[in-house]
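Hey, can you work out the whole structure from these sequences and the hints?
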Amino acid sequence: MKLAVLGIILTPIFTFLASSQNEPDDCKGYVANNIVKTDKTVSADLDLVGRDCDLYSRSVLRLTLLVEYQTNSRLHVLIQDRDKERYQVPEDVFPRPSSSPFSANSSLLSFEFSDPSSSSPFSFKITSATTGEVLFDTSSTRLVFETQFLRLRTSLPPDPNLFGLGEHFDSFRLPNRNYTRALWARDVAVPRRENLYGSHPVYIEQRPTGTHGVFLLNSNGMDIVIDDNGNQSSFLEYRIIGGVFDFYFFAGPTPVEVSRQYARVAGPPAMVPYWSLGFHQCKHGYRDWFEVAEVVANYSAANIPLETMWTDIDYMDRRRVFSFDPDRFPINRMQEIVHNLHRKQQQYILMVDPAVAHEDYPAFNRGSRDALDVFLKSERSDSYYFKGVVWPGVTVFPDWYHPNVTKYWTREFEDNFNPHTGVDIDGVWIDMNEPANFCIFPCQNPEEEARRQGMPPEPPPARPPPRPLPGYNITIPVGPSPNTDFSGAAADGLPPIDPLPVHQEQRMLGEVSRGKEEDLLFPPYRIANGGNARLDLSYRTVDTDVAHYNGLKEYDLHNLYGSMMGMTTREAMLRRRPSLRPFILARSTFSGAGRYVAKWLGDNASRWDHYRSSIAGMLAFASIFQIPMVGSDVCGFREATTEQLCARWATLGAFMPFFRNHAQFRSPHQEFYRWPLVASAARRAITLRYRLLDYLYTALHAQSIDGTPAINPLWYLYPSDASTYAIDLQYFYGDCLLVSPVTEEGALHVSAYFPDDVFYDLETGDVVRGRGEWITLRDVPFDRIPLHVRGGCVVPMRTEGANTTAALREKPFELVVAPGLDGTADGTLLVDDGLTPDGGPDRFGVRFRYEGGRIRLSPMEGFPDDQQGLEAKMEMAGIRVERAKVMGIRPPGFGPVGIGPEAIGRYVQNGTWTDLGPLTRRESVLVPT
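Residue numbers (mature numbering (1 follows the signal peptide of the UniProt record, and there is no 0)): -20 to -1, 1 to 909.
Hints in this document: simulated from the structure, not taken from any laboratory. Do not take every clue at face value.
[As the list claims (entries may be wrong)] In the PhoX-like style, the derived pairs of lysine-lysine whose C-alpha atoms are separated by at most 20 Å in a straight line are: (1) Lys64 to Lys387; (2) Lys357 to Lys533; (3) Lys387 to Lys324; (4) Lys324 to Lys357.
[Unchecked claim] Distance windows between CB atoms, simulated: (5) Gly752 to Arg62: 51 to 57 Å; (6) Met856 to Val114: 50 to 56 Å; (7) Gln424 to Ser97: 18 to 24 Å; (8) Ser700 to Gly820: 39 to 45 Å; (9) Ser80 to Lys8: 37 to 43 Å; (10) Gly820 to Arg349: 41 to 47 Å; (11) Arg592 to Pro75: 16 to 22 Å; (12) Ser838 to Ser80: 28 to 34 Å.
If you're wondering where the values come from, they're calculated on a predicted model, not measured in any experiment. We put the beta carbon where it would ideally sit given N, CA and C, even for glycine.
Here it is as structure tokens:
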């Protein structure tokens, strides 16, 4: 009994270790019957052979197979129970891709399965139609499909090159010996070889013959084991505790193509607002509104551009979501902060956690049983709601499947973040959305546990403003605001909420049948939740037997909770400001979450190894998982950073899509202005980032259209170079700028890999002829980061930086031309209003082509090919090209490039710009030939 209470069950672990080595003879697998083949599909019944083998639970006796050739590069394989009663990922969370049945004869992939007339059990293979190579082969083991344990293994070549299967804190190229990747959303720091916040069951494999990808659409807890067979081959094995096998295979044949193909299934990411690409500052532990305002002022005084200020849960009254501390963060003072930020064209973001305090206050009351009744219900305790412990103490959790939850969540956003009566935020940060629960399972007395843990924590002493602060009237009394409680009037545009219970038709996603013997708290197979500890599924989260409104269990939906919160939050932000793109940062994500949210890499530490690992995390989310707006907490979230580490991290963070300095309340302050070296690094890095911001924005736009990665591993652009596969300390920012950060403490040099191509130092213009070798880059100061432009690129840059992204948009452009080995170069530039969902009426894109010593401009793909109106459209969009620079060339001759009016023509000579004087509307800039 004591072991059960503690959640320590050893028998299933030992049982699995035995069965994984010696499969029982009575597990015969399945045989295919009633096979129907068409030009576009294959279907069959799969029937269990022999008696139930009961590895971990009761076998599902009758299955069905459906194979669909959905496109020429995508194959869908679904193995499910014949009655279709088992849980599958709901379509309103993950919409299935639209497709027209495609002829198998024209597909790049081929499906084959074992001959049912032979004695072999059912297995299948996916083969490349181009090379004939087998890409996925399940014949080495028998298919296991039990009520709470599914197993399927595919064979791999020795030492396979595998990428993906997140979220983790391991190398970008996955370890392939004795490696288990558990997928179960978890509130944790960032340990290695353990499951983290999100679940992305997709991998890409690179072979000498090409690249392919495999996506398993399943949100249940699972282990994915990668190991060596010991016979010159390897394997990857899925061990899943529920759901079905719902596979999508992608033919590639390049990494970039696989990313695009996955995006057509998971959905391309949402386009972010332009301002979100600026620099962000946050810290858990700002004691009051004055400290927040003073940090903003200090950045300005230090001449370090700050785009967006953030506030963690410190602003909340006793850490209760949808409340404001009346003594430390009164609404009138918060409104002053927002007013001053907006006046200076800066932004403000607040955190919103999912857990709602189980107390008598508006956010709880409006969601309780006397109103909308939107919180998860208890399955076992005397409490009506499932209760946990988070920052505010005893909490309840929104049920994102309840038909009233969007109305509830939107109302809270409308009221608390109302521009007139609340705090007019520009974006929102959703944390703890695994969901996190501090009350360790089994949580029998959350009230006592909250008291024991000291939740909510005691706030710092309230204080009057300690000194004058420009832009703030410190004579305004600081105290409870009449607007703290929003329970009076309805929000603008929303009808008053009926205080009586609301009964709406249940939004069912299909009945799910379960046997009474299924154990949703202690499933017989224990996934590696927490690595070797194999923690209970309910450890530090909502109990897995809790039912959602639609009848589905947290056991199945746990990995979707964060994504559902992101979807609902996006709807709420759009309701607040329907004409503006939302910006939502999330911690827990599932496949497809990039359609709604951006991502930060969680609770890292101020360590050099965490600095290095942030690159691998960014590469996985940006290039594989289709969440390109990603970055780490710069300088580290936990522990204490150093001046040198923070300086290096400031330069690295400036070349990640999401760029934020953030630290926890126990860590010392680490704002960039606190050290001279860090301040210098930040100024230089932010200036260069801002000058390249439209280049990044254009790359993110492309990914939002078709999934083309905005951030690329070296392997993506040089897939035939096997030396690039394991590189995760360099990457391409966009597809043109090679970033090679110094990664060792105290070092002033870095060994960088240059593939067989030509590169140009962005700062000096020096040519590096790569030969597929490592080159040492020396004398790299702590406030610099090596950047090289890949040959064949035209990179548009603003001529100078600015203090805000709004001011930056007024600056003209210059073109940096990096001729490739063939002497040509290409680039694109998209400019829109950066704010509205469609980019505004003046949105326009330009393509640049350098060839034969000339730069020619034309409309970017997707825009009308109207060469006559090109100049006018560029002018309306705000595209003013002032100058062009061809790298690696010393002129004696010049060639023309058509540009906008009143530009200044310049060329490069011996590394410096030389003015050619103002040009008239119809004249041309001269560039070297």
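Comparing the hints with the structure gives:
1. Pair hint Lys64 plus Lys387 does not hold up; C-alpha atoms about 32 Å apart against a cutoff of 20 Å.
2. Straight-line distance between C-alpha atoms of Lys357 and Lys533 comes to about 11 Å, which keeps the hinted pair within the 20 Å bound.
3. Under the criterion of a C-alpha separation no larger than 20 Å, the hint pairing Lys387 with Lys324 is inconsistent with the structure, at around 33 Å.
4. Taking the CA atoms of Lys324 and Lys357, the gap is near 46 Å; set against the 20 Å cutoff, the hint is violated.
5. Between Gly752 and Arg62 the Cβ separation comes to about 53 Å, which falls inside the hinted range of 51 to 57 Å.
6. Distance hint check for Met856 and Val114: the Cβ-Cβ separation is about 54 Å, which falls inside the suggested range of 50 to 56 Å.
7. Restraint check, Gln424 to Ser97: a C-beta distance of roughly 57 Å breaks the suggested window 18 to 24 Å.
8. For the hinted restraint 39 to 45 Å between Ser700 and Gly820, the CB-CB distance of approximately 41 Å keeps it satisfied.
9. Between Ser80 and Lys8 the beta carbons are some 38 Å apart, a value that agrees with the proposed interval 37 to 43 Å.
10. Between Gly820 and Arg349 the CB atoms are about 45 Å apart, so this pair conforms to the stated range of 41 to 47 Å.
11. Distance hint check: the CB atoms of Arg592 and Pro75 are about 37 Å apart, inconsistent with the given range 16 to 22 Å.
12. For Ser838 and Ser80, the hinted distance range of 28 to 34 Å is satisfied, since their beta carbons lie about 32 Å from each other.
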